[in-house]
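K.L.:
Sequence:
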Amino acid sequence: DYGYTVSGAQVRPWVRYWARTIDFFIFIILFLILENIFFEDISFYQEFSRQIPEFVLTMLLSFLYIFMEALFLSTWGTTFGKALLKVRVRNRDGTKLSYSYAFKRTFHLWILGEGMSIPIVSLIAKYRGYGNLIKNFETSWDRDGEHIVTHQIIGTLRVFIILIPIVFFFYISIIWE
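Residues in the sequence shown are numbered consecutively from 8, following the numbering used here.
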């Protein structure tokens, strides 16, 4: 029992990719809002943040996101993006992951599935993770942690609803610069 009806194909790498992408977009938006609130008038922070290469900032933010995802997986059993796309992560017995297991899973995903957001390495890691999921019907971080990722059918209306925050994020990112 996974706490909800499982439906549709259970190996859905693109659904998993987009769910994580939505989650990371939301995390970045929250980070930028908090950054603007707390550091808007602090000149040393502004100078420091301008000197950080963008890929280093992406690596740092993707690392910090591990803590947030682990929190959501351990409390809700899903994240906002996963919930939108009807994806759940559970232990094999159907229970939610503890924080430590959720952190370990997300940390392994960050290293093995995202290549720590290092340019080129990330592309290779994502390609390998995709191939591993298609070939073995699970990722190495889910297999090693004995987690199961389940999906429900999404539906066309939900896809359109999901596009709204994605378009909103791109709009915000364009006007933010």
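Simulated from the structure, these hints should not be mistaken for lab results. One or more of the hints may lead you astray.
What the hints assert, rightly or not - Beta-carbon label-pair distances, calculated as ranges:
hint : residue 1 : residue 2 : range
1    : N98       : L71       : 34 to 40 Å
2    : Q58       : G138      : 34 to 40 Å
3    : N143      : F45       : 39 to 45 Å
4    : I173      : Q58       : 19 to 25 Å
5    : L130      : F177      : 29 to 35 Å
For clarity, every value in this text was computed on a predicted model and none was experimentally measured. From the three backbone atoms N, C-alpha and C, an ideal C-beta is built for every residue, glycine too.
K.L.:
All hints, please: hold or fail.
P.N.:
Going down the list of hints, with the structure as the test:
no., hint, result
1, N98 to L71: 34 to 40 Å, "violated, 25 Å"
2, Q58 to G138: 34 to 40 Å, "holds, 37 Å"
3, N143 to F45: 39 to 45 Å, "holds, 44 Å"
4, I173 to Q58: 19 to 25 Å, "violated, 30 Å"
5, L130 to F177: 29 to 35 Å, "violated, 21 Å"
Against the hints set out earlier in the document, violations occur for numbers 1, 4 and 5.
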